[in-house]
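A.B. asks: Turn these sequences into a full structure, and let the hints guide you.
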Amino acid sequence: MKKHLIFDLDGTLIDSAPSILHCFGLAFSTTHTPLKTELNNDVIGPPLMEALRRLSGSDDPALLHTLAAAFKQHYDTSGYLQSVVFDGVPAMLEQLQAAGYALYIATNKRFDPTEKIVAHLGWQSLFTGVYALDYFQPTLQCKADMVGQMVTDLVLDAEACVYIGDRLEDGLAADAHQMDFILVTWGYAGDVSRMKAHWQRCAQVQALPGMIATLAGGAQ
0 MKKHLIFDLD GTLIDSAPSI LHCFGLAFST THTPLKTELN NDVIGPPLME ALRRLSGSDD
60 PALLHTLAAA FKQHYDTSGY LQSVVFDGVP AMLEQLQAAG YALYIATNKR FDPTEKIVAH
120 LGWQSLFTGV YALDYFQPTL QCKADMVGQM VTDLVLDAEA CVYIGDRLED GLAADAHQMD
180 FILVTWGYAG DVSRMKAHWQ RCAQVQALPG MIATLAGGAQ
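At position 85 of the sequence shown (counting the first as 1) the number is 84 in numbering that gives the first Met the number 0, and the numbers step up by one without a gap.
The set of hints was computed from the structure by calculation and includes no laboratory data.
Heads up, a few of these hints could be off.
What the hints assert, rightly or not - List time: in silico DSBU-like cross-link candidates among lysine-lysine, alpha-carbon distance up to 30 Å:
1) K1 to K115
2) K115 to K71
3) K195 to K2
4) K2 to K115
5) K71 to K35
6) K195 to K71
What the hints assert, rightly or not - Computed Cβ-Cβ distance ranges for the label pairs, DEER-style:
7) W198 to M0: 29 to 39 Å
8) P60 to Q205: 41 to 51 Å
9) A212 to A61: 49 to 59 Å
10) D58 to M0: 40 to 50 Å
Ideal placement from N, C-alpha and C gives every residue a C-beta, glycine not left out.
C.D. replies: Pasting the structure below:
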């Protein structure tokens, strides 16, 4: 039986792209740093430093530190408040919790703004745990490591878990730990073309509980 549902955040539960892209733009403009690639949804999802390397075309630690500080100043004070919840997500989460599942967030977003977003949305009671790469010390390098650390620390049976996200990285993280994965396509859905045959695919928020119930082996 499936008992634990692990959710990605950006592109899965919330649309944070406009606010993140705006804050990236401010970070580059206020530091007078030229963008080397287009600001679009492709930079939503990877860890902050990876996104900044891509956008700046640089591996210079000093420059990346400056850009990261500028981004955090904008996003962590007000930008995160602009995150928009996808239609139907609150009711879906409440339905899953009422059905007896334990809900978790596992995101590449830094822990500080993630925690602020969860509090701003009033979701603290919905989630058993909220995790980010920098929640752990030392900071983890990828989602596969994060999911593995969660399984170890929380003593979870991977067969009782489902990971739910919108990116190829999410599915590969689930595969790394023999965990079922559902690729949702109501968000950014940038990696649909790279979907693996054994993954489930869900196009509508309202359909997710039924799909999870099927994986769990019965109606919830």
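A.B. asks: Determine for every hint whether it applies to the structure shown.
C.D. replies: Do the hints match the structure? See the list:
| no. | hint | result |
| --- | --- | --- |
| 1 | K1 to K115 | holds, 29 Å |
| 2 | K115 to K71 | holds, 13 Å |
| 3 | K195 to K2 | holds, 23 Å |
| 4 | K2 to K115 | holds, 26 Å |
| 5 | K71 to K35 | holds, 20 Å |
| 6 | K195 to K71 | violated, 35 Å |
| 7 | W198 to M0: 29 to 39 Å | violated, 20 Å |
| 8 | P60 to Q205: 41 to 51 Å | holds, 46 Å |
| 9 | A212 to A61: 49 to 59 Å | holds, 51 Å |
| 10 | D58 to M0: 40 to 50 Å | holds, 46 Å |
Of the hints listed earlier, those the structure fails to meet are numbers 6, 7, in rising order.
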